[in-house]
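Peer 1: Here are the chains, one letter per residue:
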Amino acid sequence: MAKENNPRIPVSQQPFQVQKPEDTTAIGGTISIEVNEKKVSVPFGTTILEACKENQIHVPTLCHHPDLCVAGVCRICVVEVDGMRTLQTACTFPITSPIKIHTSTPMVRKARRHIIDLLLSEHYGECYSCFRNENCELQTLAKEYGVDSYTFGHITTPKFDVDRSSASVVRDMNKCILCKRCVRTCIDLQEVGCLEALDRGHETHVGTFLDKPLAEVICINCGQCINRCPTGALRANDPSDQIWNAIDDPKKHVVIQTAPSPRAAIGEEFGIEPGHSFTGELNSALKRIGFDKVFDTNYTADLTIIEEGTELLNRLKKALVDKDESVKIPQFTSCSPGWIKFIEHFYPEYLDYLSTAKSPQQMFGAITKTFYAQEAKINPADIVTVALMPCSAKKFECNRPEMDSSGFKDVDYGLTTREMAKMIKEAGIFLPEMPKSHFDDPFGDASGAGLIFGATGGVMEAALRTVYELVTGREVPFKNLNITPCRGFEGIKQASVKLENCVDAYKFLEGVEVKFIVAHGTANATKVMEMLKKGELNDVHFVEIMACPGGCLGGGGQPIPTSEEIRTKRAQAIYAEDESLELRKSHENPHVKLLYEKFLTEGPCSEKSHHLLHTHYTKRGKFIS
Amino acid sequence: MENNLDNNKKRTGPVLFSKYTRGEGIKKALAMPREDVLFELKSSGLKGRGGAGFPTSTKWMLVAASTASKKFIVCNADEGEPGTFKDRVLLMEYPELVFDGMVIAGYTIGAKTGIVYLRGEYEYLLLQLEEYLMKMRDDNLLGKNILSKEGFDFDISIRLGSGAYVCGEETALIESLEGHRGEPRNRPPYPVNTGYLGFPTVVNNVETLASVPHIMQKGGDWFRLIGTDKSTGSKLLSISGDCEKPGVYEIPWGTTITELLQFVGAQNTKAVQVGGASGICIPKRNFDRHLAYEDIATGGSIIIFNESRDMLHVLQNFMEFFVEESCGQCTPCRIGNTKLLEGVKMIRSGEFTFSYINALKDLGKSMQVASKCGLGQSSPNAFISILENFKDEIFFHNGYGRK
Amino acid sequence: MLVYEKNALSEEIELLVEKYGVDRSSLLQILQDVQRKHNHISDFAQQEIARLLSIHPVEVNSVISFYSFLHSQPQGRNSIKLCQTISCDMAGKQKIEDALTRELGISFGETTKDKKYTLEHTNCMGMCDQGPAMLINDKVFTRLDPEKAVNILKEVE
Ligand SMILES: Cc1cc2nc3c(=O)[nH]c(=O)nc-3n(C[C@H](O)[C@H](O)[C@H](O)COP(=O)(O)O)c2cc1C
Ligand code: SF4
Ligand code: SF4
Ligand code: SF4
Ligand code: SF4
Ligand code: FES
Ligand code: FES
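Chains as they are written, first to last, in the numbering used here: chain L, 1 to 625; chain S, 1 to 403; chain H, 1 to 157.
No wet-lab data here; the hints were simulated from the structure. Hints may be right or wrong, so weigh each one.
Distance condition first, Cα-Cα at most 20 angstroms in a straight line; then the derived DMTMM-like pairs of lysine to aspartate or glutamate [to be verified]: (1) S/270 to S/259; (2) S/70 to H/23; (3) L/159 to S/324; (4) S/345 to L/203; (5) H/19 to S/155; (6) H/139 to S/131; (7) S/270 to H/89; (8) S/345 to H/89; (9) H/139 to S/6; (10) H/148 to S/6; (11) L/159 to S/342.
Here chain L stands alone, though its shape is the one from the complex:
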């Protein structure tokens, strides 16, 4: 995904591309090498690291990450190659000749131990007060290499102030080992570019533009850097203490909504293989922790689809029937707060293309403190709304000043999957063993359409299921409602469906080929925006963009580690859950229908719904003052 050459990053940090033969069985396609005296045969151009992995030989790594291009800077993966004077880094070295590799000679072991000793000598932090305790690559290495003392001393005073300026990301550079995984994530994977190495020599550190606090530079809060940091140097801004306080306060009515992605991933925090959803178990656990109500964010995801779908149809009508030239098409989705901040900074002149619909998280907050408060006869001032999200950007989103349409702060706290797992553990609960239970009413049921929001392409798929049916009166013409062109992890996907035999209200769409684009990761968003700029999207109607690679299931608040393999499994869990549900279309959600009957009586995109469920954006621009 990030593997293609990116002109913005130094060649040294781009993967060495060897022309690999198409057919690896052909002569020259494979090379016989020796790893630790064992003869093996590998495809031409395989790195030593890959070759070792294939053959169950463990080579430690720190700066290497499967999502990122190579760096070769930590040097922990060094191995001996016969005939070479110096050790070679396994992660960078492409095999192009029949070499002999030794991965555990005295020289190799000593060098690795020295590297660990050196890193530890400058690593200011204590494992027991660190959120990465037991999930830290540095700690693991120290254990693996039997570090029992600090050979080269240990730093006793911090060198850097902890940067807590951002609502989403906390940076403690005292724990940084300069692997630059965050730098490569931010520049290359996300193309936001707010982190780089500054200064040189012993003064080198990772910093922002002029070392400003993170909140003052252009960070989109996506948290992707956190997910790829091997240590506790980067973490999300954790509100769990405040949440405990709210739970412990008898006057407060604490409500939590849970998004689908955390449910499909939280098991990983309890040692379960990726790819299992724990929705029911989580409901029980949250109740036991002390949340008064547990709701399903998918409910507002359905609501989002109704609002956003209606908005799209309205735009199309204005454009096609009223010939209103000011209407902006394609409509872009707006449920990823990382993407919203991205477009506000990098493409402020295109904000009108965004759907005005709020994200499901914020809709939920607004509905909870109005409709729910009214139904349950609770003073909204006493309601505390918590959102369990896969995302660090949601923390920033719920603190946006405009997110108070209920008259209160709509969502009080955004909580990540990792932080939730920590709270559950703190409460003495082992999640996988909890009994299953249901969400609470009045938002008990949600459709599978809302569920698949968690994967890239999900919003598009959900929207198509609804829009197509509204317009034609028939179900989308895909087997089992699985709109497969929306699925998968390709960076940018394009597809279309033709609207035929439309119902009377939508006759103006007869024969229209609805074209849509799905992109994930802001590097791909950049490509889509450049296409828009060049006028290449004139015939496209709807664009879904998620800031995080893989969509929300790869969000910056999800369990660490992350890789495409793990994200694929999480996606499978989500799609499997969708298929297992009866209710799979947002517009059929009975509770959503009820909301429009009882509360938003003027229907989608009406004035009231606009007040509560829609928002506006800020032209932020790129200038850092």
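Given chain L, put chains S and H with the ligands in place with the hints provided.
Peer 2: For chains S and H with the ligands alone, kept in the frame of chain L given last:
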């Protein structure tokens, strides 16, 4: 206000500091097919003068054989190794040798563009070099169809560094040319394969290139007669420190340190640092060793220390240099050098244990094999060799520990 | 910074980008020119350069912070760089250092109040046989003694 510097050219020799008429080497080369130029170069046995000593003909051949659409020849004039200044003298006095060498390289490898990476400290040379290039263009030694050789177009531009020693490392230099931090790249791929802007690139030291025109004129065999079997030709040495006649000397390879000390007028010499901060420190008992690729290879920096010098002070100066000049990307060099420097300071203050100093030497050995580039691979050399060779002075002079 | 100053700087940078080419490989040359003229590369200039080369401001900042001749903070009109490496050190660099700090009343790494001088150390600058040596802007001065060094200071504007 004028620069006040002189070139201190103290000893001339047959190759570099000898008569050469501008363009002669180019003429000779252009009259030959490329293979013959390479052959001549190969038979001369010329090896890189920048420090690593890689056979120049092989390097050129690798790029000449490539079918890439663009190729580059880069002249490494970053001369940052403490104690070296011979490239400056070549550029000031013999620009014709350097530039003609580049033109010949361009012809041989099939490059249309040559770039000189001139260290920022030498900015004062820029104007005169630019003027010289203009003259070459006027005389059709640069430009299109050089010396009426149909289809041979070549030009040279000069780019400045901005104060970073590590940019002398060839891949860091390329990164710097591309507008990045001067951080050395992973190898493979080597610059001859993926160099400037991703194209095959030859990076050669100023002196290497300056040797080429003479080889073209007088032949590889002539060159091979100078020096030793494995180290052919002559070498420029930059000599500084405790001696009467510091300056630049052209010597044939194979000269011993004793001989050297004689003609530079050094007395009471205790030690000689060969190869600059990243080289090794030779104690008196080894002064009969030879300067040659097969014995003590060097880029040409010779710093002489007499009996009055405090070797620990010297070592500290070197380690401070590396701590500052490391690019900082890889662990062994970024943190390792500070640990070595700390060790030196501990010795100075007397607060050390021998076991810790030995642990540091051990660390130095790991740095030599695990660092990403030559800087970190060679920075422990001074630490190890000075502490080994001057044990008595450093550790026992004032009893355990110094004041 | 006043608006018209900003505009002038933008224009200047645009010209530089035009001269060297809209490509990342022009970055160092552009930075060197701005540094030469303004004695530093301001945060505004850094962002303008980033914008015109389509790179991120932090990348420009990162490059500047890497090279010891480039600065984000304003420097004196005359940058005095005294060589601190071994040959100059043995030739008496410390005495020059003392004389310079005493004369200017600032330490190394600092700039005089009138922004006339910045004192810096630099590593070997290829004048080892004629040390102690220093650079003032792009001019080199060798075989210094304290008196000579101080006199040279007086000559610069
Ligand atoms: C830290 C470091 C600094 C170097 N500095 C220089 C230099 O200033 N000039 C130079 O010609 N080579 C320098 N080199 C060597 C170059 O990497 C490279 O080997 C050389 O330019 C190749 O040219 P040659 O084959 O003509 O010697 C340096 C190497 C290292 C590791
Ligand atoms: S980052 Fe890792 S090693 Fe450091 S304190 Fe945290 S858990 Fe421990
Ligand atoms: S949160 Fe996202 S935008 Fe912010 S620094 Fe991390 S990767 Fe970059
Ligand atoms: S913050 Fe984390 S990811 Fe970034 S360089 Fe430091 S250790 Fe690596
Ligand atoms: S050895 Fe030193 S200079 Fe070389 S890449 Fe590593 S940190 Fe940079
Ligand atoms: S993992 Fe290979 S160098 Fe860091
Ligand atoms: S040591 Fe000062 S110029 Fe070389």
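Peer 1: Check whether the Cα positions of residue 159 of chain L and residue 324 of chain S lie no farther apart than 20 angstroms.
Peer 2: holds (18 angstroms)
Peer 1: Run the distance test for residue 139 of chain H versus residue 6 of chain S: straight-line Cα separation, threshold 20 angstroms.
Peer 2: Holds: residue 139 of chain H and residue 6 of chain S sit about 13 angstroms apart, inside 20 angstroms.
Peer 1: Starting from residue 270 of chain S, check that the Cα of residue 259 of chain S is at most 20 angstroms away, please.
Peer 2: Holds. Residue 270 of chain S to residue 259 of chain S sits at ~15 angstroms (cutoff 20 angstroms).
Peer 1: Residue 270 of chain S and residue 89 of chain H: Cα distance at most 20 angstroms?
Peer 2: holds (17 angstroms)
Peer 1: Does the alpha-carbon distance linking residue 70 of chain S and residue 23 of chain H stay inside the 20 angstroms limit?
Peer 2: holds (17 angstroms)
Peer 1: Are the Cα positions of residue 345 of chain S and residue 89 of chain H separated by 20 angstroms at most?
Peer 2: With Cα atoms ~18 angstroms apart, residue 345 of chain S and residue 89 of chain H stay inside 20 angstroms; holds.
Peer 1: Next pair to validate is residue 148 of chain H with residue 6 of chain S; report whether the Cα-Cα distance is within 20 angstroms.
Peer 2: holds (17 angstroms)
Peer 1: Hey, residue 345 of chain S versus residue 203 of chain L, does the alpha-carbon distance stay inside 20 angstroms?
Peer 2: With a Cα-Cα distance of about 19 angstroms, the restraint between residue 345 of chain S and residue 203 of chain L holds, given a limit of 20 angstroms.
Peer 1: Within 20 angstroms, alpha carbon to alpha carbon, are residue 139 of chain H and residue 131 of chain S?
Peer 2: With Cα atoms ~18 angstroms apart, residue 139 of chain H and residue 131 of chain S stay inside 20 angstroms; holds.
Peer 1: Mind checking the alpha carbons of residue 19 of chain H and residue 155 of chain S for me, to see if they're no more than 20 angstroms apart?
Peer 2: OK: residue 19 of chain H and residue 155 of chain S at ~18 angstroms, within 20 angstroms.
Peer 1: With the threshold set at 20 angstroms, check whether the alpha-carbon distance from residue 159 of chain L to residue 342 of chain S stays at or below it.
Peer 2: holds (17 angstroms)
The structure shown violates none of the earlier numbered hints.
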